[in-house]
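A.B. asks: Guided by the hints, dock chain B onto chain A, whose structure is given.
Number of protein chains: 2
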Amino acid sequence: MASRNRKKLAELHRVLDAAGVSGLTLLSLDDVAPFDEAPETGATFEDNAVAKARQAFRATGLATVADDSGLEVDALNGMPGVLSARWSGTHGDAAEKDRANTALLLAQLRDVPDERRGAAFVSACALVHDAGEVVVRGEWRGGIAHEPRGDGGFGYDPVFVPAGSTRTAAELSPAEKDAVSHRARALTALLPALRELAG
Amino acid sequence: MASRNRKKLAELHRVLDAAGVSGLTLLSLDDVAPFDEAPETGATFEDNAVAKARQAFRATGLATVADDSGLEVDALNGMPGVLSARWSGTHGDAAEKDRANTALLLAQLRDVPDERRGAAFVSACALVHDAGEVVVRGEWRGGIAHEPRGDGGFGYDPVFVPAGSTRTAAELSPAEKDAVSHRARALTALLPALRELAG
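Residue numbers (the working numbering), protein chains in the order written: chain A, 1 to 199; chain B, 1 to 199.
Since the hints were derived computationally from the structure, they do not count as laboratory data.
For clarity, every value in this text was computed on a predicted model and none was experimentally measured.
Any given hint might turn out to be false.
Said to hold, decoys possible - Capping the alpha-carbon separation at 25 Å, the derived lysine to any residue pairs in SDA-like fashion look like this: (1) A:LYS7 with A:ARG137; (2) B:LYS97 with A:ARG137; (3) A:LYS97 with B:GLU147.
Only chain A is shown next, with the shape it has when bound in the complex (with noise of 0.2 Å):
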């Protein structure tokens, strides 16, 4: 994964694993080549992540899957969208600007009723090798809760309460998560591809 986000990797592991693809060695940014990544400044999830996973295949020379993702809210007009991890505006650690971007989301929806609290994750996945591209899209439909709940995840998981769900995306145990997430779902996708890859 272009990324420095581990969580992100064991995801990608576990898939990989849960579907018995072998032959591939996934490493981390942080193992090969550090340099700056690409700011995302992409309209689309999915700019976003061919333009990271293009970096780093230039950078690396290996093939690389990068992840952009972020959450939809109906409300927002599917905003924050790309903007949601900066969506406060906030600098600071990763907890800081969770805590902060998840907040300014609560606020915003305070006057906005359970019934046009509707909201997704969203997450592109861009396969970049020698032979081509691919890029796919995940969704995971739920809503805004009220109040933030759980210890799990990050970024806007204790406020997501996910489709058919009582409980946050926060509460839920990773494998729960992977079993649903929009992560998951479009790294799933991305499988007949990566298969081709281990070939």
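C.D. replies: Frame of chain A, contents of chain B only:
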């Protein structure tokens, strides 16, 4: 106007004067019957304008014009939209909220290039009286600056650069703003109905 905002009432006065409409007495809600305004929880500017005008009409029995307006930013899929006034979730006086909302918007758009900083001010104006209802929409296209400029106007005026202008809306005189603004356009579209009422 079903508003405690004297600036909006003055704008309606100017539009009516310029159009030569006489025979109407304009009262602020504060002059008539102080009551709790309906919260602006609709999904559209039109919903909110009609709800406010109906509430004021029911409370006073007088023909009522109400406005709901905000800023639609292209790179935010049309948000802050109906959430413009509480985008940052900040409480406090109007000037404080304006500063917080504007600062948040600029932070969210920090990495968005000029060609994707398009935006529009939008106003829906509703007229409710005993013979019926009319609701109209006015738009004012432009883009979002990188820094606030100017002391005039209110809300997002200091960061809104009207199409064809190099100044922000907060750097225009009231007369310049009236000639092109979203609210003036909406009020102008109400003129036929207001003339009928004055008739």
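A.B. asks: Determine for every hint whether it applies to the structure shown.
C.D. replies: Status of the hints after comparison with the structure:
no. : hint                  : in the structure
1   : A:LYS7 with A:ARG137  : holds, 19 Å
2   : B:LYS97 with A:ARG137 : violated, 37 Å
3   : A:LYS97 with B:GLU147 : holds, 23 Å
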